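Just so we're aligned: the sequence shown equals residues 292 to 417 in the numbering used here.
The hints are simulated quantities; they were obtained by calculation from the structure and are not laboratory data.
All of these numbers come straight from a predicted model, not from anything done at the bench.
A portion of the hints provided could be inaccurate.
Unchecked claim - List time: in silico DSS-like cross-link candidates among lysine-lysine, alpha-carbon distance up to 27 Å:
1) K411 <-> K375
2) K345 <-> K332
3) K408 <-> K375
What the hints assert, rightly or not - Pair by pair, the computed Cβ-Cβ distance ranges are:
4) A393 <-> Q347: 13 to 21 Å
5) L294 <-> S319: 13 to 21 Å
6) L294 <-> R415: 36 to 44 Å
7) E372 <-> K345: 29 to 37 Å
8) V379 <-> R344: 26 to 34 Å
9) E330 <-> R415: 45 to 53 Å
10) R416 <-> K345: 40 to 48 Å
11) E330 <-> S385: 16 to 24 Å
12) L299 <-> D350: 15 to 23 Å
13) E327 <-> L299: 20 to 28 Å
14) P360 <-> L299: 39 to 47 Å
15) A297 <-> L318: 12 to 20 Å
16) N293 <-> V406: 21 to 29 Å
17) Y354 <-> T417: 39 to 47 Å
Where is the CB? At the ideal position from N, CA and C, for every residue including glycine.
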Amino acid sequence: MNLSEASLENAIILRNEFGRSWITRLLSMSNEEIQEFCEVKMGSKSSIMALQRKLQRLDDLKYLRQTCPHNYVSQILESLEAGKHVVVEFGSQSNLLSYMLATNVIARRIHASYVHKAEKFCRRRT
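With the sequences and hints as input, model every part of the structure.
Right, dumping it as structure tokens:
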């Protein structure tokens, strides 16, 4: 999404303040609310507003939901652990942002799972 270092730092400030719902909260904030937030939490108004504009692109993706009744990424991880090949198909989504978002989420979860298993294995060996 071409986020600047300042936007990333301000995203951390927002996450620390609002928790897991920080994106939803940011997207609903007015300019005045952002100004107040920045005064109290020492954030950068211009960086937060730029972050808000860029995240608005995600809000425009109609297939994204706040919650999902089924954890498809966990299902992918279970299949990989069982030694099965997994093919991820994106259906009719043809924009690059959709592909990048989905592959980033999936790759991060696979990496986190691998690191957790590797650390668990190393603890058993010592």
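Structure-based check of all given hints:
1. Distance hint between K411 and K375 is fulfilled; the C-alpha atoms sit about 22 Å from each other, no more than 27 Å.
2. Under the criterion of a C-alpha separation no larger than 27 Å, the hint pairing K345 with K332 is consistent with the structure, at around 21 Å.
3. Taking the CA atoms of K408 and K375, the gap is near 18 Å; set against the 27 Å cutoff, the hint holds.
4. Checked against the hint of 13 to 21 Å, the pair A393 and Q347 passes, with Cβ atoms roughly 19 Å apart.
5. The supplied range of 13 to 21 Å is met by L294 and S319, whose beta-carbon atoms lie about 20 Å from each other.
6. For L294 paired with R415, a C-beta distance near 39 Å keeps the hint of 36 to 44 Å intact.
7. Hint check: E372 to K345, Cβ distance near 35 Å, so the stated range 29 to 37 Å holds.
8. Checked against the hint of 26 to 34 Å, the pair V379 and R344 passes, with Cβ atoms roughly 29 Å apart.
9. Distance hint for E330 and R415: a CB-CB separation of about 50 Å, consistent with the stated range 45 to 53 Å.
10. In this structure the hint that R416 and K345 lie 40 to 48 Å apart at CB holds, the actual value being about 44 Å.
11. Look at E330 against S385: about 42 Å separates their beta carbons, and that is not inside 16 to 24 Å.
12. Judged by the Cβ atoms, the range 15 to 23 Å given for L299 and D350 holds: they are separated by roughly 19 Å.
13. For E327 paired with L299, a C-beta distance near 22 Å keeps the hint of 20 to 28 Å intact.
14. At roughly 31 Å, the beta carbons of P360 and L299 sit outside the given window of 39 to 47 Å.
15. Evaluation of the 12 to 20 Å hint for A297 and L318 yields a pass: the beta carbon distance comes to about 19 Å.
16. For N293 and V406, the hinted distance range of 21 to 29 Å is satisfied, since their beta carbons lie about 27 Å from each other.
17. Take Y354 and T417: their Cβ atoms lie about 45 Å apart, and the range 39 to 47 Å holds.
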